[in-house]
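Peer 1: First to last, the protein sequences are chains A, B, C and D. The C-terminal residue of the first sequence carries number 402 in the numbering used here, and the numbering is unbroken. The C-terminal residue of the second sequence carries number 402 in the numbering used here, and the numbering is unbroken. The C-terminal residue of the third sequence carries number 359 in the numbering used here, and the numbering is unbroken. The C-terminal residue of the fourth sequence carries number 359 in the numbering used here, and the numbering is unbroken.
For the record, the hints were derived by calculation from the structure and aren't laboratory data. Errors might be hidden in some of the hints.
Simulated pairs of lysine-lysine, DSS-like, Cα-Cα distance not exceeding 30 Å [what the hints assert, rightly or not]:
| no. | chain 1 | residue 1 | chain 2 | residue 2 |
| --- | --- | --- | --- | --- |
| 1 | C | K77 | B | K26 |
| 2 | C | K160 | B | K287 |
| 3 | B | K101 | C | K51 |
| 4 | D | K51 | A | K287 |
| 5 | B | K293 | B | K244 |
| 6 | B | K266 | C | K32 |
| 7 | C | K338 | A | K346 |
| 8 | D | K338 | B | K331 |
| 9 | D | K77 | D | K51 |
| 10 | C | K97 | C | K38 |
These numbers come from a predicted model, not from an experiment.
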Amino acid sequence: MADLPKTPLLDELESGPFPSFVSEIKRAAEKNDMSKDLLGQLEQSYREKIGHWKHGGIVGVMGYGGGVIGRYSDLPEKWPNISHFHTMRINHPSGWFYTSKSLREICNIWEKHGSGLTNMHGSTGDIILLGTTTDHLEPVFEELGKIDFDIGGSGSDLRTPSCCCGQARCEWACYDTMALTYDLTMHYQDELHRPAFPYKFKFKMSGCPNDCVASIARSDMSIIGTWRDSIQIDQDAVREYADKGMDIRSDVIGNCPAKCMDFDGKELHIENSYCVRCMHCINVMPKALRPGKDKGATVLLGSKAPIVEGAMLSSVLIPFWKLKPPYDDLKEIVDNIWDVWCEDGKARERVGEFIQRVGMGNFLDAIGLEPVAEMVAHPRENPYVFYEDYFEEGDEDEEEEG
Amino acid sequence: MADLPKTPLLDELESGPFPSFVSEIKRAAEKNDMSKDLLGQLEQSYREKIGHWKHGGIVGVMGYGGGVIGRYSDLPEKWPNISHFHTMRINHPSGWFYTSKSLREICNIWEKHGSGLTNMHGSTGDIILLGTTTDHLEPVFEELGKIDFDIGGSGSDLRTPSCCCGQARCEWACYDTMALTYDLTMHYQDELHRPAFPYKFKFKMSGCPNDCVASIARSDMSIIGTWRDSIQIDQDAVREYADKGMDIRSDVIGNCPAKCMDFDGKELHIENSYCVRCMHCINVMPKALRPGKDKGATVLLGSKAPIVEGAMLSSVLIPFWKLKPPYDDLKEIVDNIWDVWCEDGKARERVGEFIQRVGMGNFLDAIGLEPVAEMVAHPRENPYVFYEDYFEEGDEDEEEEG
Amino acid sequence: MADVQERRTDYGPPHYEQFLPPIIKENYGKWKYHEILKPGVMVHVSETGDKLFTIRAASPRLVCIDKIRDYCDLADKYCDGYLRFTSRHNVEFLLTKHENIEPLVADLKKLGHPIGGMGNSITSIVHTQGWVHCHSAATDASGIVKAVMDDLSEYFENMKLPGKLRIALACCLNMCGAVHCSDIAILGIHRRPPRTDHTRVKAMCEIPSVSASCPTAAIRPATVDGRASVEVIEERCMFCANCFTVCPAMPMADPLNDGVSIWIGGKVSNARSEPMFSKLAIPFIPNNPPRWPEVTQAVRALVELWASNANKYERMGEWINRIGWPKFFRMSGIEFQKEHIDDFKHAGLTYKRSTHLTF
Amino acid sequence: MADVQERRTDYGPPHYEQFLPPIIKENYGKWKYHEILKPGVMVHVSETGDKLFTIRAASPRLVCIDKIRDYCDLADKYCDGYLRFTSRHNVEFLLTKHENIEPLVADLKKLGHPIGGMGNSITSIVHTQGWVHCHSAATDASGIVKAVMDDLSEYFENMKLPGKLRIALACCLNMCGAVHCSDIAILGIHRRPPRTDHTRVKAMCEIPSVSASCPTAAIRPATVDGRASVEVIEERCMFCANCFTVCPAMPMADPLNDGVSIWIGGKVSNARSEPMFSKLAIPFIPNNPPRWPEVTQAVRALVELWASNANKYERMGEWINRIGWPKFFRMSGIEFQKEHIDDFKHAGLTYKRSTHLTF
Ligand code: SRM
Ligand code: SRM
Ligand code: SRM
Ligand code: SRM
Ligand code: SF4
Ligand code: SF4
Ligand code: SF4
Ligand code: SF4
Ligand code: SF4
Ligand code: SF4
Ligand code: SF4
Ligand code: SF4
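Build the full structure now, drawing on both the sequences and the hints.
Peer 2: Dropping the structure here:
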């Protein structure tokens with residue numbers, strides 16, 4: 001292999017305490033020409049302050065409609081080894097747990113067929129295999145199949161669902177995020193692999209309101225654990241925190257958004273019917289407080305990045321469900337939502353935008369769900385109500401019509 | 001005069017502890033046929049559950065374009081004395097202060113020329129003389145002129161400005177609301193009497209953030225007193241409140257939205273640079289706390305009822321002005337606003353709707369005011385910024401263009 | 001034209017100074033503090049030591065001239081002829097002599113005017129014209145106001161509530177008054193689309209402006225029975241009456257379908273929390289004159305619920321913000337319905353975009 | 001077709017269970033509490049008494065396969081081969097033996113991977129592709145991230161901050177990641193309207209969809225030099241690049257005008273306050289590779305300002321909400337400009353509609 005290109009600008013990013021992506025690319029470039037040209041083109045981008053990638057074309061794996069992002073250099077003569085430089089999105093295992101064995105197998109495949117560069121992981125959650133050519137796509141897929149790794153989503157399909165580590169490594173998980181993630185992923189394989197929606201759709205599961213996968217901000221359906229009964233209190237442990245110098249009044253109670261706590265120096269009292277399950281008190285006293293025992297999840301809908309109607313956070317659809325396998329209640333509602341959205345959604349309209357356009361009330365009618373007060377931050381402020389029925393003269397029995 | 005009509009339904013509204021408008025109408029009806037027919041028609045409305053007024057025509061006083069609301073019964077044969085039943089809006093004196101002498105003079109005029117019924121006052125603030133016929137409008141105006149009362153607004157003009165009693169009877173007034181109200185009313189007589197705006201425009205002045213004329217909710221320009229320096233504290237009086245049983249921590253400090261107060265049992269401390277001038281602490285300890293000494297007002301723009309774009313509260317335009325006579329700074333900005341709004345506002349577009357349509361930034365450019373952070377609750381959340389300038393290639397000196 | 005020029009116009013209202021009692025002129029801007037001595041009676045104390053007593057009496061607002069003359073008589077008797085009205089249409093008597101307070105209170109009670117509305121009380125209802133004078137009304141104003149205040153008069157006359165509670169009423173969506181920012185708002189509403197009088201549209205209205213007036217584009221030009229007129233797509237109507245405002249031939253009022261809705265949790269003052277809009281609590285109560293018992297009941301239930309649950313100083317909306325709307329609906333027993341969910345322009349911003357929920 | 005049917009597809013990811021270390025399988029759902037032992041090292045204690053130690057190491061996310069193999073070696077050496085990645089792309093080693101902690105920490109440091117990102121710290125920056133792989137990028141991702149984290153690494157390695165601080169970066173308005181809800185967000189932006197390549201529009205793009213793609217209606221069909229193409233009304237462009245997404249012949253990238261903007265005060269968790277969007281702090285900083293010194297400086301200044309003024313547990317946005325944005329602008333010295341004022345769809349709701357102001 002030829003020498004690495006000169007990269008005076010990128011080299012400056014090899015110093016400093018944080019691990020350097022430049023060092024990673026160089027290390028790959030030592031044995032891979034794609035990575036070497038990537039290094040060269042990137043240096044050029046740094047010099048010119050502009051990217052050098054062309055708009056992607058559609059490439060993929062047979063039988064799949066997504067999961068590969070086609071990418072082409074706009075300087076193919078100069079950097080021939082990255083004239084094609086496609087990304088493969090590989091569906092990660094729930095919770096991003098691995099064995100060294102499985103990771104090594106992936107590495108071996110990518111050593112053979114790709115640039116040797118990856119993202120561990122993409123921000124949707126996939127294993128990102130960065131940079132290969134069209135002719136390698138099928139072989140990679142074939143070899144991945146042998147170690148049971150399948151392709152993730154792209155385009156207007158379901159994207160790889162992801163979740164926090166949940167009950168595997170967290171005491172606060174109010175439902176089994178990993179099991180649900182795996183179950184939904186398996187159940188919706190077709191939707192994941194064959195784009196048939198108006199636009200992308202993402203699931204993210206967090207075990208509690210701390211929301212460690214940012215599901216409320218970046219998934220069309222956000223499933224966030226919570227509880228219905230009372231926070232479990234170990235009063236001895238509370239006193240221990242106090243004894244060790246925690247200012248329970250100001251640090252704990254003073255930050256309770258529901259203002260529903262009290263501490264008399266001995267006992268911590270929580271008026272649970274006012275508690276909004278924010279997690280703060282539990283977060284700061286993990287040895288003393290725990291979520292209740294009647295656990296489940298809140299299902300929310302609609303978050304997304306700003307393009308084009310403005311960013312959205314997900315909003316409450318189901319205030320509380322127990323969420324037990326086989327999750328039929330959840331799947332039924334998901335199917336209903338997809339049916340309605342596929343029927344009436346516009347192209348490139350995310351489900352959150354769709355709901356805003358048709359109105360939450362109408363959307364609920366369409367998916368067959370009753371409105372509940374938990375769905376809104378507050379009732380309407382404007383008087384423009386579409387009352388649906390009115391009386392006609394002659395309705396002597398005062399039956400409603402419309 | 002004939003007997004009063006039978007009003008079994010309305011009669012039920014004469015019992016009970018609160019003063020009865022029915023008794024008022026009856027008392028007027030004893031000597032006035034208009035009021036008698038009004039009583040009859042109103043009873044009919046109560047029976048039929050529907051009003052009996054027609055859409056108003058344009059009637060008025062010579063040389064004035066507003067101030068009279070034309071009103072006609074839709075049952076003129078049945079209630080001939082209210083076939084015409086127009087309302088005259090009379091501009092009240094600032095702060096609604098009167099002498100018995102002046103009120104009696106008004107009553108005498110209305111006894112001669114109208115129904116004998118009034119609203120003291122209308123919700124914009126006018127003296128409402130309820131019900132007369134077209135031929136009486138001029139005589140009323142002539143007689144009112146003799147006692148120096150002039151007509152208020154209606155239609156697309158300036159409406160009668162109104163204010164809280166301010167420095168006349170309130171210790172918290174941070175500027176002279178009554179003087180400003182009078183001054184603006186006199187200065188803008190033409191705008192008040194001759195509709196030339198895209199829609200109505202209202203001024204309301206409150207002496208402090210308690211906003212006792214609801215100006216932030218119902219005036220196109222809301223002028224609300226405030227102060228810039230520190231709240232004046234009388235620590236002895238604070239202790240007196242505490243001694244008398246006030247729980248200063250929970251009642252005062254616990255309700256401070258800025259969380260900027262502290263009480264060690266002896267001294268009350270306020271971190272004034274965080275205080276948002278909400279008035280709460282002053283409201284509950286009027287003997288101990290007072291607004292600061294560097295007083296003035298915040299000027300806000302744009303509140304209105306919901307028709308058609310949804311209700312609005314006024315928003316900050318000038319965070320703080322001293323507001324001293326002759327108020328030239330204020331008048332200059334008012335003139336600029338009206339110029340821009342009259343030029344580019346649509347018909348029936350209130351100034352608040354206009355600002356939202358053209359954008360606050362552009363509006364500020366047009367009226368020649370610099371943007372300041374106090375104008376917004378928070379900066380934008382979406383990335384859709386209209387950056388105005390960009391560099392062109394060849395701008396070797398990197399001058400901005402656009 | 002000569003006439004017009006000679007005519008005296010634009011002289012404005014009389015200067016307020018001539019209506020101020022001497023004690024106010026002397027202490028203008030010098031007031032130091034005030035104290036509510038008892039319901040409806042307060043004293044303002046000046047830096048000079050002067051004291052001004054104010055007595056506030058309820059007024060029906062719709063008053064006949066003889067009632068105004070009664071007020072004048074009392075003002076003459078006790079206040080050197082000085083009196084004022086408040087921004088909520090109560091009448092206030094301004095006294096300098098402490099010993100005049102009780103006799104004046106007694107005389108006012110004799111006249112049938114309760115004393116109160118100060119401090120943590122319910123003061124008079126800001127309201128509008130209704131069937132007494134407005135062509136737009138979906139309900140009466142004065143009648144409901146009288147019925148509700150009769151029912152709540154104890155709260156006018158005492159100061160036992162957690163904070164101030166402001167009620168307002170408007171007889172149609174134009175919302176004359178501050179209905180949109182009241183602790184409790186009673187709002188007249190239509191629920192039937194306009195019934196077009198096709199024989200009159202052409203003559204009375206400009207068809208293009210009528211179509212343009214409809215915010216939901218429910219109205220389009222149409223020929224009906226050979227006449228140029230408009231047609232209304234009824235499912236699109238949200239009863240704003242904007243069409244009626246520009247076209248009298250499209251009346252909205254309808255005895256079978258008009259009524260009131262109830263809105264809560266608004267406020268105007270900046271005290272503690274920022275001003276807030278009122279939100280829909282009860283979508284519809286039919287008109288039931290003369291005393292609208294369902295309305296008075298609903299209002300009382302809301303007042304009692306708030307009064308017995310709110311913290312000290314907590315206005316209705318502040319209380320609900322603390323406990324959350326779902327809990328409010330559970331506590332009040334009001335059924336949450338589709339109508340409560342906003343579907344206007346900024347609707348998406350009212351959806352619950354967090355997991356802060358109570359159970 | 002026969003081929004396709006036989007082909008194995010849609011088998012999904014491997015089941016997670018096979019990747020869970022035995023201690024997790026045994027204590028799944030039984031964890032009782034956790035404790036952060038020191039920066040980057042925590043223990044989870046089970047109801048059974050079992051203890052699981054986690055060591056979190058920084059990762060550049062863009063890693064080559066040999067680096068992954070290094071991780072595997074360490075996992076084999078200390079963790080029976082078990083490891084995981086976090087939702088913010090750090091790598092976590094799962095240990096059962098307390099005595100393995102220090103050697104593993106030492107090995108990781110040797111490898112150049114700082115330990116930390118737990119508790120009240122700054123963890124790794126969620127970021128995107130940038131010039132490394134995306135055609136849309138207005139800036140690079142990995143380069144700024146490296147420069148900023150180099151500068152802030154002390155905060156990764158200790159826990160001295162008032163609360164967690166989450167930084168995210170996206171290289172264009174598509175905002176892959178959670179830039180819109182971060183304490184500090186670095187967002188690549190274009191500031192020059194698309195420059196249409198009229199020779200290619202017709203061939204590469206559907207002209208009607210291009211016009212329709214523009215949210216501000218800045219694009220209309222036009223014939224340019226005899227070719228069917230589109231024209232852009234530049235004053236109407238707000239640089240969303242939606243046109244470029246549907247039409248490659250309308251590139252937005254421009255070395256002279258691309259750069260980053262900085263947004264602050266967002267959060268995702270429901271802890272204490274509800275989730276919030278990030279808001280614009282600094283409208284524009286030009287691209288200055290390789291180390292974007294103006295950006296690292298600006299970010300550090302924001303971190304320090306927050307760290308030295310916020311209350312305990314107060315996230316960036318919570319702190320600013322308490323003190324108010326005007327005070328934040330005064331304290332930070334950032335100049336408030338027209339760009340800060342929202343002018344998109346719900347702009348009116350961001351105006352300050354109260355008198356709650358500081359001076
Ligand atoms: C690879 C990845 C960024 C990364 O470096 O991690 C990515 C990369 C791209 N995203 Fe993304 N998005 C990625 C996660 C996200 C996320 C975060 C998430 O999923 O949690 C978001 C915000 C959440 C959301 O879905 O709204 C996101 C919002 C977008 C959008 C805006 C969508 C919207 O409705 O607002 C676009 C634009 C589009 O779809 O046309 C977009 C488009 C793109 C495209 C396909 C560019 C394009 O217009 O064709 C990028 C391909 C880059 C490349 O060359 O590989 N990407 N994108 C992430 C996917 C990796 C993975 O599969 O794990
Ligand atoms: C007389 C009047 C002003 C006028 O020029 O007419 C007035 C006078 C006073 N107001 Fe007011 N307010 C008056 C209407 C208002 C309004 C407007 C309205 O209701 O439409 C408001 C805003 C209401 C709202 O937020 O919806 C108002 C919000 C306040 C507040 C803030 C209360 C709160 O906690 O939100 C105070 C402070 C207090 O009472 O502690 C206040 C305090 C006061 C004080 C104590 C001021 C003073 O030192 O003199 C006066 C007597 C208080 C009382 O009645 O309890 N005044 N006050 C108005 C009497 C109306 C009536 O007849 O009942
Ligand atoms: C008389 C009065 C109600 C009352 O009983 O006190 C009133 C009565 C009418 N208002 Fe009003 N408004 C009255 C104060 C208000 C207020 C309150 C205020 O000024 O503080 C508002 C809300 C604040 C605002 O300006 O937005 C108000 C918002 C409206 C609107 C909605 C305007 C909007 O932009 O949303 C209309 C509809 C219109 O202008 O076409 C309206 C229209 C009307 C009309 C002229 C009906 C019409 O469509 O022609 C009413 C005539 C009734 C009649 O028969 O006399 N009235 N109107 C008030 C004026 C008395 C006075 O001069 O003192
Ligand atoms: C490992 C990880 C989940 C995963 O499955 O990958 C995780 C793990 C834990 N989180 Fe988290 N959080 C993780 C991402 C998040 C995210 C998502 C994000 O940043 O994109 C959030 C939302 C951030 C936001 O609001 O913007 C998040 C908000 C929290 C919070 C709430 C903090 C707050 O005050 O707002 C807690 C509670 C706490 O730390 O007191 C928490 C607490 C925890 C605990 C203590 C839970 C437990 O008992 O095990 C874990 C270790 C805490 C720590 O790192 O300080 N975790 N946590 C993620 C580690 C990311 C990393 O490498 O740094
Ligand atoms: S979201 Fe909750 S359950 Fe999941 S890892 Fe975070 S703190 Fe634990
Ligand atoms: S979880 Fe949050 S709302 Fe509930 S008691 Fe704890 S701090 Fe308060
Ligand atoms: S607004 Fe302020 S100054 Fe005016 S009367 Fe009310 S409390 Fe007094
Ligand atoms: S005026 Fe309001 S914000 Fe200021 S110190 Fe008093 S209670 Fe706090
Ligand atoms: S609220 Fe409506 S009906 Fe009532 S007075 Fe105003 S415009 Fe007329
Ligand atoms: S009432 Fe309003 S929504 Fe209904 S038709 Fe008329 S203008 Fe349109
Ligand atoms: S943020 Fe924009 S430029 Fe960066 S990866 Fe996503 S789509 Fe590409
Ligand atoms: S960048 Fe956005 S606003 Fe500008 S022309 Fe393209 S689509 Fe329109």
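Peer 1: Taking the hints in turn, state whether each one holds.
Peer 2: Hints versus structure:
no. : hint               : in the structure
1   : K77(C) to K26(B)   : holds (26 Å)
2   : K160(C) to K287(B) : holds (21 Å)
3   : K101(B) to K51(C)  : holds (24 Å)
4   : K51(D) to K287(A)  : holds (14 Å)
5   : K293(B) to K244(B) : holds (28 Å)
6   : K266(B) to K32(C)  : holds (23 Å)
7   : K338(C) to K346(A) : holds (24 Å)
8   : K338(D) to K331(B) : holds (24 Å)
9   : K77(D) to K51(D)   : holds (19 Å)
10  : K97(C) to K38(C)   : holds (16 Å)
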